[in-house]
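> With chain E's structure known, arrange chain D on it following the hints.
There are 2 protein chains.
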Amino acid sequence: MHVRTEASPHSRWFSLPLGAISVTDGLWRAKQETNRKVSLRHGYRQLERAGNFNNLRLAAEEGEGDYRSPVFMDSDIYKWLEAAALDLATVRDPEVEQMVEAATELIVAAQAEDGYLDSYFQVVGPEARWSDLDHGHELYCAGHFFEAAIAMKRATGDGRLLAVAQRLADYIDSVFGPGKRDGTPGHPEIELALVELYRETGERRYLDLAQYFVDQRGSGRMRGYRHYGAEYHQDHVPVRDAGAVVGHAVRQLYLTAGVTDLYLETGEDALHEAMQRLWHDMTAHKMHITAGLGARFTGESFGDPYELPADRCYCETCAAIANIMWNWRLLLATGEGRYADLLERSLYNGFLSGVSQDGARYFYVNPLQSRGGVERPEWYGCACCPPNVMRTIALVGHYAATVGDGGVQLHQYMASTVDTRSVDGPGAVLSVRTDYPWGGEVAIEVVETGGEPWPLSLRVPQWSPTPVVKVNGVEVTDAVAEDGYLTVRGAWQSGDVVSLSLGLEPRLTAPNPRVDAIRGSVCVERGPLVYAVESIDQQDGVDLLDVSVGLDVRMASTWEGDLLGGVVAVDIPAEVTSQGDWEGNLYLPPEARTGVSGETVLRAVPYYAWANRGAGTMRVWLPSRQK
Amino acid sequence: MHVRTEASPHSRWFSLPLGAISVTDGLWRAKQETNRKVSLRHGYRQLERAGNFNNLRLAAEEGEGDYRSPVFMDSDIYKWLEAAALDLATVRDPEVEQMVEAATELIVAAQAEDGYLDSYFQVVGPEARWSDLDHGHELYCAGHFFEAAIAMKRATGDGRLLAVAQRLADYIDSVFGPGKRDGTPGHPEIELALVELYRETGERRYLDLAQYFVDQRGSGRMRGYRHYGAEYHQDHVPVRDAGAVVGHAVRQLYLTAGVTDLYLETGEDALHEAMQRLWHDMTAHKMHITAGLGARFTGESFGDPYELPADRCYCETCAAIANIMWNWRLLLATGEGRYADLLERSLYNGFLSGVSQDGARYFYVNPLQSRGGVERPEWYGCACCPPNVMRTIALVGHYAATVGDGGVQLHQYMASTVDTRSVDGPGAVLSVRTDYPWGGEVAIEVVETGGEPWPLSLRVPQWSPTPVVKVNGVEVTDAVAEDGYLTVRGAWQSGDVVSLSLGLEPRLTAPNPRVDAIRGSVCVERGPLVYAVESIDQQDGVDLLDVSVGLDVRMASTWEGDLLGGVVAVDIPAEVTSQGDWEGNLYLPPEARTGVSGETVLRAVPYYAWANRGAGTMRVWLPSRQK
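From first to last, the protein sequence lines stand for chains E and D. Here the working numbering is used: position 176 in the first sequence is 176, and no number is missing along the way. Here the working numbering is used: position 331 in the second sequence is 1331, and no number is missing along the way.
One chain only, chain E, in its complex shape (with noise of 0.2 Å):
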């Protein structure tokens, strides 16, 4: 998950090593003390449980057993293993580490003699190694793992994983590719993960291997899973030529973000090409406002253009994190605003609300309406979910800043210290001071800096048409605005404090009028968040079936230090109007008329904390009336 990409030749914006960056107070050093103290904790139990662990220790024991399905079960355990690795970048938690231990010394001790390592495999079936491409999961368990152990060397050294990882590599590489066998995975995964390897070894073979799986694709050879079709898996068309996102959404991002990565590597324009044209088509038709992706709960796919309801919509939440490394990549390629803009989205929408504020409770799916009876579960039995989850908010602080352009870039506004001293650039150490998302001050600290003027660059989001920078209490009023971005200049001294406002006031978002499913509708919005109305939080009788809201509402905006962690809640004046002629009634003449109408303040709260107070009903987008 985390990249480095200093190397890369076609990295506009480098991003920082592991731990150069640390989230130091508000709502992500929550997130990220519960992620430690309960998620991973909680993740290496379930682990246990389920049956993962002890798959890899049939393995181990080349004994036969009982393998606890699905085939991927390999696939969390590393992905938890990953997260405990970056959140040990961070902090030293004795018993994480031990967890870590443990876990290390399992996969060591099941690799196979050949460098092969797949407990489904290894147990169940060894004859039938890479017989089921389609399904078989043998290559995306291999690319999560290659991700774990790369983790893992970068945040405690420990290179036990990394040898693993290459003894596997080395062993795929010299399975697949030209001359060798043909085949691409049924699930992409691998190809980012291989990108990385080669960044982290130097092995260019990584990298081939890499673009040889992009390059297979589009053969039309596989036939999805059930009724699916070959845009299930990614096989529907030669990437190059690809235009729209189809399929099963975490398979059709997994592998743009590999995808991208190839290109920070090769600078092949017809790769970049092809995914500026996916991430039009995903954003012009194809995402829900909390950037939630997927439409369909069959076939986990995205649905057509403009197919968006709130209630049905799957909104995976492993295809929010897929977002949030594509855009990454994307973001370090290009150096536009809005990938990172949409990285936000994801980030503090579709993504976060996968987990409970517990911690200990997870969202596969993420609906933008509940009419009662959803709440998140502890684990699944595909449990894809919640381990990427926990690596997702241990790596947090990555998104914040990169490098490049002679200067240091801030991209997602968290109290936290980024320290860029170990790469090339201006030298500087930066001190974040904010308390975003709730308020829209952000102060930058500059603690340390190099001896030459460089460039500051702020991200201000879309939704902040009128920011303020200042330096030193001192309004700017030269810097330059470019593709989302204002760049401040100066010779920064230690000391100096740049500070940016970003107007917080709680807006009404629209949808495109073609988007039926949420026709005359309107939703909240403050800053990064998206907000919903749960029946919890309103008054006696107000039934969220028969609210709506006007479109000159005027909205109060309120810190709320015990409610759900700690949020800024939103009062929204609105209007309850009872059924009417259509009690009773589904369809009636346009002339029927709607009963009694009453006024009340509905209260909402950030969408990713819905669902923590039991299982009432929920609505992201309000009916809306005309003035």
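No wet-lab data here; the hints were simulated from the structure. Beta carbons: idealized from backbone N, C-alpha and C, even for Gly. Among the hints, erroneous ones may be present.
Covered stretches of chain E, as calculated for chain D (at least 3 residues, CB under 8 Å) [to be verified]:
1. 296-308
2. 545-557
Far from chain E, by Cβ distances over 12 Å, these chain D residues were calculated [what the hints assert, rightly or not]:
3. Q1046
4. G1065
5. A1102
6. H1135
7. R1160
8. D1170
9. G1202
10. S1356
11. T1466
12. V1471
13. V1488
14. D1516
Same frame as chain E, now just chain D:
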């Protein structure tokens, strides 16, 4: 499918024997001819090609062989056979007779010594009989076989299959029941079939067995296919306690039809009250305007109340058929026109869309909006719908009339002859002349009648508020209006003509404001028909994503004899708006503006006729503008 309730103690109105009503002209006559000349033959070929017949052959030979899945393949044969038999009641097509004879001989040969009949378990797992009631479909197949056997006996007098059916029923009765084996089928169907077998044979044990299967429900023992839960199988709640339609829509409605059949015989109020609760829940919360049922692909199931998406609804053709069957039984029990109204809505819309104009292609899923790419396939791996369509079309006359309350009731208006002489009642023969649903004039000529005066009841659809009834050209002002019927009592003589005029102006219909997915939209209806706009009929450059209709729109109807087998098309003045600010944007502030607007006239055709001219776009619900 055909029911005879003249001996049912709780039937207020009595259905007529097979052959007593013949369709003589118009839409349904044309559909029946296509059904005979194309669909029945097509179905027979498909059953051969897909392996259904071969499965029975394997069972007959007691040979091991290659059973072709799914497990319920026999039921497709039985539904096809029932359709053919029902059709033979009207027209003795020699080729159909030959096909029926071949199928009959095969079934007779396939039955096991002890009466058991199910090719899957006979071929694949003889030892596994009844081992998987949840998913095995043995009792489901048996129910469909009983229906076919009864139809054969009633239509042709051939009792061979009925003898097989009784042996099978007796065998099942020897297995299940108090003091015997516990259990109830995972897919309801046998309940209604056992009640009809009781009606046909007088064997009370069959009724008792139906009652037993109904009473066994609600144990929660069935876990559901995949993760769908006990609701999927209708095992989540005892039938008498049910308050809402849930789970797999076809299972739910096959069960309710069977339960209402039971009520017709036993009069148990608790069952009838439960059915009325379910009917209310379905019609007030969970039914599409086409009478399509099942909002979700997942589990082919009902959704939450008001969850009624136009694009990704399921609306299985079989669910529409089940709804027709259920409402027919409710009508017979109660004499309330609302049930005949709903039967009509389903018949002309959600059901009839299930088959192509040429009779050789079928919808399983019936969406109310298509963004392109949707056409009817020729057959399905799970081919429940096509033969279900065939038997419904073959039997459509059945739903036209009943006797009871000393008179005759007309429910569905179609050009037909209604001969009531074989059942207790006024001994009347009526000739109905109409081009309904295209025109609203219905002329009923008394061809023969007994000596006594008797009441003639004419259903007045809920959408026709000002019907006019005349007798021999003179308006009747003292007709009694009750429960959706106008009743005229007369000392009828041969040659008397009663006429009914129903206004058939196109009308707009709006959805309950609680229905999110089609908020701010209207649809066009005319008489019993829901209309749809298809891209193929629109002016060049008009994208159905961009149209809207005023609530004061004046629409025009035109008979188009060459279009889609002859339909009344409706022209709808509408606005076409370009995207403007929205170009490339999914979400913007509500102040965002659409671009230039132009006018067009949308041409709409009956929903049932859509997707017969390629895979264009279609919508039933049109965005509306306030006046």
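> Hint by hint, note whether the structure agrees.
For each hint, the structure was consulted:
1. 296-308: Contact hint for the segment 296-308 of chain E vs chain D: holds, 9 residues under 8 Å.
2. 545-557: holds (count 3)
3. Q1046: Its Cβ never comes within 12 Å of chain E, the nearest being 18 Å, so this holds.
4. G1065: Holds, since 26 Å exceeds 12 Å.
5. A1102: The assertion about A1102(D) holds, with a minimum of 32 Å to chain E.
6. H1135: Consistent with the label, H1135(D) stays out of reach of chain E, its closest Cβ about 17 Å off (over 12 Å).
7. R1160: Since the minimum Cβ distance to chain E is about 39 Å, R1160(D) lies beyond 12 Å and the statement holds.
8. D1170: 39 Å, holds
9. G1202: G1202(D) clear of chain E: closest Cβ-Cβ about 41 Å, beyond 12 Å.
10. S1356: 21 Å, holds
11. T1466: Answer for T1466(D): holds, closest chain E Cβ roughly 14 Å.
12. V1471: Holds, since 31 Å exceeds 12 Å.
13. V1488: Since the minimum Cβ distance to chain E is about 28 Å, V1488(D) lies beyond 12 Å and the statement holds.
14. D1516: Nearest chain E Cβ is 7 Å from D1516(D), so the label is violated.
Violated hint for the displayed structure: number 14, the only one.
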